[in-house]
Structure formats: structure tokens, C-alpha cells
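Numbers 1 to 165, taken from the working numbering, label the letters of the sequence shown in order.
Keep in mind that the hints were calculated from the coordinates and are not lab data. Because the structure is a prediction, the values reported are computed rather than measured. Beta carbons: idealized from backbone N, C-alpha and C, even for Gly. Certain hints may be false.
Pairwise CB distance ranges, derived in the manner of DEER restraints [said to hold, decoys possible]: (1) 138 to 10: 28 to 38 Å; (2) 135 to 14: 38 to 48 Å; (3) 88 to 15: 20 to 30 Å; (4) 157 to 99: 29 to 39 Å; (5) 122 to 145: 15 to 25 Å; (6) 123 to 89: 18 to 28 Å; (7) 122 to 150: 22 to 32 Å; (8) 14 to 112: 16 to 26 Å; (9) 25 to 84: 11 to 21 Å; (10) 135 to 113: 27 to 37 Å; (11) 88 to 147: 31 to 41 Å; (12) 89 to 22: 17 to 27 Å.
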Amino acid sequence: MTAPSTFGLSSEARNLHWLLTNLVEEVPGIQSVAVVSSDGLLLLSSDPARTAESRGKRTAKGPRGSSADLATIVSGIGSLTLGAAKLMEFGGVKHTMVAMDEGSLFVMSISDGSLLGVHGDAECDMSVVAYHMALFVGRAGHVLTPELRSELRKSLEAGAAGSAR
Numbered sequence: 001m002t003a004p005s006t007f008g009l010s011s012e013a014r015n016l017h018w019l020l021t022n023l024v025e026e027v028p029g030i031q032s033v034a035v036v037s038s039d040g041l042l043l044l045s046s047d048p049a050r051t052a053e054s055r056g057k058r059t060a061k062g063p064r065g066s067s068a069d070l071a072t073i074v075s076g077i078g079s080l081t082l083g084a085a086k087l088m089e090f091g092g093v094k095h096t097m098v099a100m101d102e103g104s105l106f107v108m109s110i111s112d113g114s115l116l117g118v119h120g121d122a123e124c125d126m127s128v129v130a131y132h133m134a135l136f137v138g139r140a141g142h143v144l145t146p147e148l149r150s151e152l153r154k155s156l157e158a159g160a161a162g163s164a165r
């Protein structure tokens with residue numbers, strides 16, 4: 001996880017960390033995951049390098065530099081598809097899938113504009129990833145309150161400050 005520890009977090013925050021870890025570890029082909037707030041801030045993330053190492057891969061392809069890269073991409077795609085849906089008057093966006101030659105990107109609405117983004121490798125089964133994302137959203141959506149989003153954001157900032165020392 002991006003945050004070094006769940007020590008001191010509320011049970012809801014620890015549960016979300018557990019759900020995210022479970023999603024990454026249980027679904028074949030997932031490279032990295034990010035939960036992004038409606039204003040584009042990273043709330044929760046997997047570590048793409050550690051995920052690749054745990055699956056026996058030397059280097060992971062995908063967003064480079066930090067978990068914030070995936071959050072930026074997810075936020076941008078979420079904003080673009082929301083704008084398209086409004087322009088076309090088709091209602092809200094439920095999910096977006098982008099298939100590329102060497103990987104896939106999935107973005108799914110959680111609640112109140114928050115988004116779940118998943119970067120998968122080329123071999124991932126898109127329907128399996130989408131199914132498990134929907135399970136995550138169903139379990140996480142009702143607990144992702146403004147208070148919990150604030151707590152998650154502060155724990156990421158504290159984790160970043162601690163690793164910069």
C-alpha cells in the first residue's frame with residue numbers, strides 16, 4: 001500500500017485498505033489500483049512495483065514515477081467521460097474500459113464522484129477485473145464518506161512526509 005501502515009486508522013479506513021489489497025492480490029493481471037476523490041486527489045493506492053514483485057515480474061509497465069500518476073490518469077479519464085456523458089445527455093458514467101496493446105485501464109465510479117482506477121496487464125481478463133471492481137465499489141461505496149476521504153488523504157500525506165525524511 002502507499003501508506004506504510006494502517007496503524008491509527010479507523011476501522012473503515014483499515015477495511016478499505018484490506019479491500020484494496022485483496023483486489024490486487026486476488027485478481028490476476030492487476031498491476032496497480034488507485035482510489036481518487038471527486039477533486040482528483042489520491043485517497044488510496046497499491047504500490048505497482050511491489051505488486052509486480054509479488055507476482056514474480058521484474059518490472060511493471062504502466063504509470064511511472066508514483067501512484068499519483070495513475071490517480072492523475074484516472075481523474076482525467078473520469079472527467080473526460082463525465083463531460084462526454086453530459087454533452088450527449090446519457091446520464092452518469094458507470095465505468096470506462098480502455099484496451100491497449102500491452103495493457104488495460106479500467107475506471108469505475110464509486111460514490112459522490114470518487115473513482116476506482118485499475119491498470120491491468122495485457123493478459124488480464126477484462127470481465128473478471130470489471131466484476132471484482134464492481135464488488136469493491138459495492139463494498140466501499142457506502143463507507144466512503146467525506147470524513148473517511150479526509151482521513152485517507154491525511155494518512156497518505158503523513159506517509160509521504162515520513163518517507164521523505
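Per the hint of 15 to 25 Å, is the separation of the Cβ atoms of residue 122 and residue 145 within bounds? violated, 37 Å
Take a look at whether the Cβ-Cβ distance between residue 89 and residue 22 falls inside 17 to 27 Å. violated, 37 Å
C-beta pair residue 135, residue 113: status relative to the range 27 to 37 Å that was hinted: violated, 20 Å
Taking the CB of residue 88 and the CB of residue 147, does the distance hold inside 31 to 41 Å? Given a distance of about 34 Å, which is inside 31 to 41 Å, the answer is holds.
For the range 28 to 38 Å, tell me whether the beta carbons of residue 138 and residue 10 fit it or not. violated, 20 Å
Has the hinted range 29 to 39 Å been met by the Cβ atoms of residue 157 and residue 99? holds, 34 Å
Residue 88 and residue 15, beta-carbon distance inside 20 to 30 Å? violated, 36 Å
State, for the Cβ atoms of residue 135 and residue 14, whether the hinted interval 38 to 48 Å holds or is violated. Given range 38 to 48 Å: violated, Cβ gap about 18 Å.
Residue 123 versus residue 89 beta-carbon gap, inside 18 to 28 Å or not: violated, 37 Å
Starting from the hint 16 to 26 Å, judge whether the C-beta atoms of residue 14 and residue 112 obey it. Since residue 14 and residue 112 have Cβ atoms about 21 Å apart, the given range 16 to 26 Å holds.
Could one say that the CB atoms of residue 122 and residue 150 fall in the range 22 to 32 Å? Violated, at about 37 Å.
Residue 25 paired with residue 84, Cβ distance criterion 11 to 21 Å: violated, 33 Å
In summary, the structure is inconsistent with hints 1, 2, 3, 5, 6, 7, 9, 10 and 12 from the numbered list given earlier, while agreeing with the others.
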